[in-house]
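Enquirer: One-letter residues, chain by chain:
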Amino acid sequence: MSEVSAPKPLLEIKDLAITFSTPEGPVNAVRNANLTVMPGETVAIVGESGSGKSTTALSAIGLLPGNGKVSAGQILFDGEDLAQAPEKRFVELRGNHIGMVPQDPMSNLNPVWKIGFQVKETLKANGLAGDKPNERVAQVLADAGLPNPAARANQYPHEFSGGMRQRALIAIGLACRPRLLIADEPTSALDVTVQQQILDHLDTMTSELGTAVLLITHDLGLAAERAEKVIVMYKGQVVESGPALELLRNPQHPYTKRLINSAPSLAAKQGVEVKTPHEEQAAKNDNVLEVKDLTKVFDIRKGFGRKDKFTAVDKVSFAVPRGTTTAVVGESGSGKSTIAQMVLNLLEPTSGEITFDGQKMSKLSEKELFKFRRRVQPIFQDPYGSLDPMYSIYRTIEEPLRIHGIGSTAEREKKVRELLDQVSMPASTMHRFPNELSGGQRQRIAIARALALQPEMIVCDEAVSALDVLVQAQVLELLQQLQDELGLTYLFITHDLAVVRQIADDVVVMERGKMVEHASTDEVFTSAQSDYTRNLLNAIPGATLL
Amino acid sequence: MISFVLKRFLQLIPVFIGATLLVYFLVFATPGDPIAALSGGKPMSPAVEDALRAQYNLDKPFWVQYGLYLKNLFTFDLGMSFSGQEVKDLLARAFPVTARLAVIAMAIEAVFGIIFGVIAGMRKGKIFDSTVLVLSLLVIAVPTFVLGFVLQVVVGVQLGWAKPTVSGQATWGELILPGLVLGLVSFAYVLRLTRTSVIENKTADYVRTATAKGLSRPRVITVHILRNSLIPVVTYLGADLGALMGGAIVTEGIFNVPGIGNLLFKAIRFGETPTVVAIVGVLVIIFVVANLVVDMLYALLDPRIRYA
Amino acid sequence: MPENLTPNPEAGAPRGKREGKVSNYKIEHFVAPISETPLQGVDAVKETGKPLSMWAEAWRSLRKRPLFIISSILIVAIIVVAALPNLFTSVDPTHCVLENSNGPAVSGHPMGYNFQGCDIYSRAIYGTRASLMVGVFTTILTVLLGTTIGALAGYYGGWLDAVLARLGDVFFALPLILGAIIMMQLPVFRDNKSPWTVIVTLAVFGWPQIARIARGAVIEVRNADFVTASRALGLSRFKALLRHVVPNSLAPIIVVSTVNLGVYIVAEATLSFIGVGLPPDIMSWGNDIASAQTQLRSNPMVLMWPALFLSVTVLSFIMLGDAVRDALDPKARKGA
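Chains A, B and C, in that order, are what the protein sequence lines are. Residue numbering for the first sequence follows numbering that gives the first Met the number 0, beginning at 0 and increasing consecutively. Residue numbering for the second sequence follows numbering that gives the first Met the number 0, beginning at 0 and increasing consecutively. Residue numbering for the third sequence follows numbering that gives the first Met the number 0, beginning at 0 and increasing consecutively.
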């Protein structure tokens with residue numbers, strides 16, 4: 000135990016309160032927040048959306064939105080209080096003392112300037128460009144793990160992949176060797192394997208430079224894995240803070256406990272309720288869905304009539320037994336959503352056959368297709384996009400009944416009430432509009448709408464990916480419960496292997512259009528056959544901690 | 000980049016053909032005698048009538064007529080006005096005047112529109128912003144010709160700061176007042192567009208990141224906010240060239256500027272349809288070419304377009 | 000209660016990255032008192048307050064805006080004037096006495112007389128109808144035509160889009176005034192000038208703008224999950240366009256059309272001024288302004304009065320458009 004004598008904190012936030020002025024009056028986004036970051040240390044702030052985690056961190060670099068201000072408390076950076084510091088002081092500090100890596104790699108690089116230019120202006124603004132700025136730029140990009148940096152510097156952001164862009168942003172954040180780096184969800188928009196690489200790299204760089212990191216994340220597992228210290232925020236307040244592993248293994252505050260119980264990556268290891276397999280159903284050999292040699296080839300136009308072929312799904316075969324859940328897992332570009340589209344008959348396969356309940360879909364007439372629509376229903380990822388904002392909840396759920404001419408007005412209303420009850424929403428919700436509901440509630444409404452036609456199968460395309468962990472757990476539980484009650488079959492498309500553990504009986508792992516693994520969930524988690532699956536499993540943050 | 004230019008150019012061909020065909024069709028393919036249509040219902044000397052028949056090849060099938068019309072357009076063989084002058088010569092004299100007028104109007108709307116728009120956008124909701132917004136609404140609401148008359152009387156006659164009408168030479172100095180009138184409405188639109196665009200961009204993620212890098216405020220505003228806000232403004236300015244041509248008819252009429260607009264204005268007043276058709280044809284060519292130039296500029300400003 | 004972590008026995012052992020980090024510093028384990036940080040239900044449903052549709056919400060924010068209140072009062076007044084001009088003046092606008100030529104304001108004739116000796120106020124009141132009619136019907140026509148064409152092009156894409164987009168470009172390539180000049184040279188139009196010829200002319204060259212906006216809005220909406228969901232529920236492609244896509248694309252069209260209504264009134268006046276708009280025997284602000292220009296220097300008010308009526312009308316519609324834009328724009332609503 001090497002204890003440093005009289006360590007001086009690099010950043011110390013004391014009793015911080017941040018207020019936003021809104022048309023409806025002031026809103027307290029953060030109250031009584033305290034945190035300390037020692038030099039070279041990584042501190043993670045964990046919380047759901049709206050918990051005030053980003054707001055707290057951004058106040059330290061003077062980047063609160065225009066209507067927000069520090070209303071009380073101190074932000075001590077190296078002993079200097081920045082709570083009411085003028086913009087001029089922040090301009091001096093930003094870049095070379097406090098750096099930032101933002102969340103969304105797609106929107107944080109200016110699309111009209113070359114990457115090199117954007118790195119160079121950072122160096123210049125902080126007087127670190129030197130006599131050969133271009134070489135310096137290449138060096139900074141190389142440090143961030145960008146291959147072929149000199150050529151890359153000459154490209155525009157849209158020519159970079161998401162992971163590349165995030166590396167460029169890390170290069171910019173660390174270009175001027177700041178003492179503190181604020182990393183705001185730096186990898187949440189990326190695939191798990193890319194996420195792991197980038198975080199590893201960030202770790203190496205910051206420990207070489209001796210940079211302290213304030214890591215903001217919604218993922219407790221990731222926080223525990225990457226930080227020495229974890230701070231849990233809830234509704235603008237710090238509810239618990241402490242050493243990462245200690246906090247993870249021995250949570251005290253009920254909110255922290257709740258978070259740990261709900262986090263799929265952690266729950267799986269804890270022996271908390273994991274999906275009980277539906278072995279009886281599987282044994283009956285009664286498959287609702289059979290997919291055989293399914294292939295989808297897209298033409299990519301390259302101008303002047305030239306075309307490239309892109310195989311999104313390549314000879315995929317699997318079967319889904321009635322009353323069970325099969326998860327299709329893969330990273331972006333693996334073809335998993337294309338499979339969902341084809342199963343929903345929204346996209347025509349190039350070759351191969353989809354058989355639903357013994358019927359070959361390619362042979363369906365218009366009329367039979369209309370009937371088929373009733374039996375397979377989708378639930379989509381984006382809770383803000385899946386409900387028509389112009390339709391009241393009642394009209395939304397009633398629409399499928401109306402389309403298929405089911406029941407009288409009174410019967411339909413009764414049915415809507417039943418459906419709302421099934422998804423645990425109060426009947427009074429039916430006169431409301433989607434914009435008045437939260438993401439999780441919208442997802443419930445989407446489930447109710449899907450259930451209206453009493454389908455046999457539901458295709459969930461990343462149905463819980465956009466939700467906060469606690470809400471995600473709640474929706475997953477609802478899906479589970481509905482399956483038990485109604486004997487539904489799920490095809491569950493997801494990028495998140497951790498979630499699979501909680502919901503699926505069988506798993507199909509996809510990599511670049513090809514199926515690399517197809518086995519029961521237990522088999523995949525205990526004895527994965529392909530390297531790719533093992534990589535995916537390893538990349539689940541926090542999985543190795545408990 | 001080259002393939003982009005080529006693609007845009009190819010796309011313009013159907014537009015150009017369509018637009019000229021539309022003009023041609025409107026004049027010649029309507030029921031009745033095209034010569035009667037061309038004369039505007041006025042009696043014509045047989046010599047003029049013959050000249051028109053020859054000019055528009057009225058004895059040939061429609062497609063041939065149209066083809067020859069296009070050929071005439073490109074060779075600037077635009078025929079004679081009723082007063083016996085070559086339309087080509089009339090245009091050659093009027094064009095430089097209108098070009099000067101358009102340059103002045105464009106400069107006013109672009110420079111002041113963008114500067115005011117940026118300041119207003121950066122100070123959204125403050126006094127400067129509100130004042131400028133109200134003024135821009137007023138400018139849009141008052142028709143150009145009313146503004147023209149008012150400025151002519153106030154600035155030209157009562158204050159005597161500028162000549163109320165323009166001489167035959169139409170020097171740059173004389174054209175400032177008409178240019179201001181011509182550019183005023185577009186100035187208001189440019190201002191509003193720039194303002195909206197700045198307001199949208201200043202909260203963009205990449206602007207926050209640029210600030211976080213330690214850039215100074217002026218640099219963030221010019222290099223990141225302004226640069227990106229210019230993209231829609233440039234597109235608007237290009238499209239606006241057409242509106243300027245239309246506006247020039249009114250402005251040149253009021254200030255008696257001897258430009259293309261005035262020529263067109265008089266040709267309409269005197270019912271000289273052949274001259275009108277010839278001038279509009281030329282204007283369409285200018286407009287289509289200008290749009291191509293704007294597309295290039297647009298691609299230069301936005302790399303995403305260039306490589307798309 | 001805050002407890003100091005006792006030195007971790009594992010800290011000295013070599014640890015890989017994936018096993019978490021242990022600090023060299025002493026870290027306090029802080030737990031906030033539960034009384035201060037009470038747990039709330041996960042994702043509780045708000046059951047208080049009246050349900051609000053998007054339109055209702057826009058309306059609620061709209062009716063508080065001064066810009067909206069002023070402009071809508073003005074517009075209602077203008078509509079009343081256009082519908083019932085005789086309520087506002089008892090003077091016959093066509094009763095012109097040359098003796099009164101350019102006469103000053105006298106009792107009963109608050110704005111004086113024009114060159115022909117007609118009452119300016121009465122003419123301005125009676126001129127409202129033609130101007131407003133041109134604005135309203137041109138807007139209706141452009142919205143119908145533009146939305147239909149733009150929505151079909153954007154929704155179905157492919158060759159239909161290419162053809163319709165080029166068609167729009169052709170009309171776009173002719174600036175409104177130039178195009179209108181050509182149109183009005185047509186014998187059919189030239190010899191039958193009426194408000195309707197002006198309306199048709201303006202609509203023919205005005206629709207591509209709306210079509211472009213509609214196309215853009217439809218493209219943004221057509222791939223929304225709720226459209227795909229309704230297709231999966233069994234709704235036909237065309238019905239999905241009608242029931243989900245078009246209603247969700249209307250906001251920008253409404254905003255632009257409101258502003259356009261004013262712009263078309265100006266365009267009519269400009270055309271009348273050039274001599275290719277309304278026939279001289281129809282009373283309109285544009286005609287009155289055009290005929291006033293000859294004596295502008297001797298009696299400028301003859302021009303100013305109808306110009307004022309015109310400007311206030313146009314200003315009302317533009318202000319209304321601005322207010323509606325702010326109310327309908329979700330980004331502006333958040334106050335970001």
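Hint data in this document are derived by calculation from the structure and do not stem from the laboratory. All C-beta atoms, glycine included, are put in the ideal place defined by N, C-alpha and C. It cannot be assumed that every hint is accurate.
Below, a sample of chain B positions facing chain C; criterion: calculated Cβ distance under 8 Å [claimed, not checked]:
(1) 18
(2) 138
(3) 144
(4) 241
(5) 242
(6) 248
(7) 264
(8) 267
(9) 268
(10) 280
(11) 281
(12) 285
(13) 286
(14) 288
(15) 289
(16) 291
Enquirer: Give a verdict on every hint.
Expert: Verification of the hints:
1. With a least beta-carbon distance of about 4 Å to chain C, the hint placing residue 18(B) at the interface is held under the 8 Å criterion.
2. About 10 Å separates the beta-carbon of residue 138(B) from the nearest beta-carbon of chain C, more than 8 Å, and the hint is not met.
3. With a cut of 8 Å, the hint placing residue 144(B) at the interface with chain C holds, because the nearest CB-to-CB distance is about 5 Å.
4. Taking 8 Å as the C-beta cut-off, the interface hint given for residue 241(B) holds, the closest approach to chain C being about 4 Å.
5. About 6 Å separates the beta-carbon of residue 242(B) from the nearest beta-carbon of chain C, less than 8 Å, and the hint is met.
6. About 6 Å separates the beta-carbon of residue 248(B) from the nearest beta-carbon of chain C, less than 8 Å, and the hint is met.
7. A distance limit of 8 Å between C-beta atoms decides the matter here; for residue 264(B) the minimum to chain C is near 7 Å, and the interface restraint holds.
8. Against a cut-off of 8 Å between C-beta atoms, the interface hint on residue 267(B) holds, since the closest Cβ of chain C lies about 6 Å away.
9. Hint status for residue 268(B) relative to chain C: holds, with the closest Cβ pair at about 6 Å, below 8 Å.
10. Interface restraint check: residue 280(B) against chain C, minimum CB-CB distance 10 Å, threshold 8 Å, status violated.
11. Of the supplied interface hints, the one on residue 281(B) is violated, with its beta-carbon coming no nearer than about 11 Å to a beta-carbon of chain C, more than 8 Å.
12. Annotation: interface hint on residue 285(B) violated; nearest CB of chain C at approximately 11 Å, more than 8 Å.
13. With its C-beta approaching chain C no nearer than about 6 Å, residue 286(B) sits inside the 8 Å limit, and its interface hint holds.
14. With its C-beta approaching chain C no nearer than about 11 Å, residue 288(B) sits outside the 8 Å limit, and its interface hint is violated.
15. Because the closest C-beta pair between residue 289(B) and chain C is about 10 Å apart, greater than 8 Å, the hint is violated.
16. With its C-beta approaching chain C no nearer than about 11 Å, residue 291(B) sits outside the 8 Å limit, and its interface hint is violated.
Going down the numbered hints, you'll see the structure goes against 2, 10, 11, 12, 14, 15, 16, while the others check out.
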